[in-house]
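Asker: Spelled out, the chains give:
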Amino acid sequence: MNAGSGMRLRGLLRKELYQVLRDPSSVAIAFLLPVFLLLIFGYGISLDAEHVPVAVVIEQPDADTASLAGRFSGTSYFAPVFMGDMVRAEAALRDRSVNAIVHLQQDFSKRLRRPDGAPIQLIVNGTDANTARLVIGYVQGVWQKWIEELGDESGVSAAVPVSIEQRVWFNSELRSRNYLVPGLIAIIMTLIGALLTALVMAREWERGTMEALLVTPVTMGEVLVGKLVPYFLLGLGSMALSVAMGLWLFRVPFLGSVWVLSCVSALYLLAALGMGLLISTLARNQFVAGMVAIVATFLPAFLLSGFIFDIGSMPAVVQAITRVLPARYFVSSLQTLFLAGNVWSVILPNAAALAVFAILFLGASRRMLRKRLD
Amino acid sequence: MWRRVYALMIKEFLALLKDRRSRVVVIVPPLVQLLVFGYAATFDLNRVPFAVYNEDPGLASRDLVARFTGAAAFHLVAAPSSDAEVAPLVDSQRALMVLHIGPQFSRELAAGRPGAVQVIVDGRNSNTAAILLGYVSTIAADFNADWLSRSGAAPPAQLEVRAWFNPNLESRWFLVPGILGLLTLLVALLVTALSVAREREQGTFDQLLVTPYRPVEVLLGKTLPGLLIGLGEATAIVLLATLWFQVPLRGDLVTLYAGLFLFLFSALSVGLMISSVAVTQQQGLLGAFLFMVPSVMLSGFATPIANMPVWMQHVTLINPMRYFLVIIRGVFLQGAPFGVLASQFWPMAVIGLVNMTVAGFLFRRRLY
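Protein chains in written order, with the numbering used here: chain A, 60 to 433; chain B, 291 to 658.
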């Protein structure tokens, strides 16, 4: 770099900065988008099912069925609807006004006192398999508690041989918001990184201003740096805003250190912006660049980053695909930094991967960006 | 009128499909994504790395551990022999779960007292953790039932569980039809959201305004190509879902396509509305993102709408994807007839009509 290069870069930077600041959409992307998205998702996405509507069908009401039925009304997990016959209950299950049916047959109380016991029939709507599993688990809990107390009353201990004592580390109440918010921050940064830069190079080509740049003495490396720096600063600002919202609005614990978070975020932003710049450079057409940016960023970051679906349970081929997604490493780093602290055995490999992606994307953009008209 | 609409349609098709790159980005990614996401999107756990810290030399603990190592959901990666070795395994994410069986376990069981098993789960992904705990309690319940029946003491009431529509509770059956909705929305928005903005940027919008086209005709000409492309891709996705992923298609195709048609209509209308508000393609892209991201996340695609706070549930009423997901899941898994789903159809039609009207109004009024 010589003095001329510094001056040219300064000029480019000033031009890009003006362009960013005078176009309200870039500033809106960086600062309004994260607020909007975090508010919607922070409140909107929850895997904690409560007040699940269940039909409790009691064919012959008596003291036993009433005590069991009371268990369903007594917990916030269920919103029971009591019915007398299966026909109505089955219709309700079909039109999804209840998620499950608990069926106590006519001879329930009689069979309860026989040695082989009475059946409690549970029918769940399996369409949403995940919710169905949760409901089965809740009903199992109710059932187990009930027979234990039934045993206590009659003096016969119905001891359960193995009792599971569960300890959930890093998120003891299993509050899904605690892990969703760090994941959401990663997704939002992916969107912002791609949205900010995906169109910038293509726009220069389409508007013909790239040709004007080509005849000036600036090098392509300088053009790239000029595009990168303003958006990098904007991205860091929106990252800080998102983290602040996560900490103070959603009350997610943060156990890591701020400077590790800053370093990892900076690396990720370089990778995300680099990906946007590469898309933009290759496409040279805003329409194509925009579509590629949507297709390549949001859905993969949402579905393949380990944000909701467990990567370890995917088939090997799909796991291999997730390895080339920078978002995967960022989601894992953020979840660890927020909930577990500075665990170097997780942070360092992830940070190294992010650095490789940043170098790869920016290097590829630099190579593809030639001073040529073709 | 139809000749003019037809001409505009041909022009739109050409604009979309003539350029090789834009042809590829419209057609290929949805199909590739279905394949990748179809495998990726599952809540069922598979080969979860876990460790066993077993201090008990007895048979009962060995039986319990064997039930875990034998399950496809679990994969034994380590067997620590002291408390100090447990924390590093979980911290570094080498094991998602550690099963700790104390030294007295077998003796307690033999004496008829409950034996405690500690399960440590990595809660960094609390959804995975909750599913994992469900698996653990199922295995423990099986163990208990076997142990009790061997000792001749059956509990007074048993739970008999049956799942309708999806007997093995495969979450893929739930999520693959959802991906159909996701990708259809994506295609519809991609095709329309940038189309008017592009005409504005290239200056051809002015030319369109001086032609005898009425706004309705412009709207039709811009909507129909998207509708045809969307119907084509959705058909390909339905075929892949049933033939490749083996998701049962129990309902009738008429109901499915009626839903698909209305959903495409409402999604395209949103796209056109974004497009007619946007002055530049970047704004169009931003608008498409701003619509697509919340409508996917708040549609019940992965997380149920019933889990949201009530005010948020009201917000989802304006999301067309919410209705479409109920329809496709109903048709695919439940074989639900048109009548059961009728309440899901008209909101999409209303959303589509309102947006189309506004878009048509904006076409006429905005000249930059």
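Simulated from the structure, these hints should not be mistaken for lab results. Glycine included, every Cβ here is placed at the ideal spot set by N, Cα and C. Please note that a few of the clues may not be correct.
Covered by chain B, according to a simulated footprint, are these stretches of chain A (three or more residues, beta-carbon under 8 Å) [stated by the list, open to error]:
| no. | stretch |
| --- | --- |
| 1 | 277-284 |
| 2 | 357-369 |
Covered, in the sense of this in silico footprint (three residues per stretch, anywhere, with C-beta under 8 Å from a C-beta of chain A), are these stretches of chain B [to be verified]:
| no. | stretch |
| --- | --- |
| 3 | 325-339 |
| 4 | 405-411 |
Asker: Work down the list of hints and note, for each, if the structure agrees.
Answerer: Consistency of the hints with the structure:
1. 277-284: violated (count 0)
2. 357-369: With 9 residues closer than 8 Å to chain B, the stretch 357-369 of chain A meets the three-residue bar; holds.
3. 325-339: As far as the stretch 325-339 of chain B goes, the hint holds, because 13 residues have Cβ atoms under 8 Å from chain A.
4. 405-411: With 7 residues in contact (Cβ-Cβ under 8 Å with chain A), the coverage given for the stretch 405-411 of chain B holds.
Consistency with the previously given hints fails for number 1 only.
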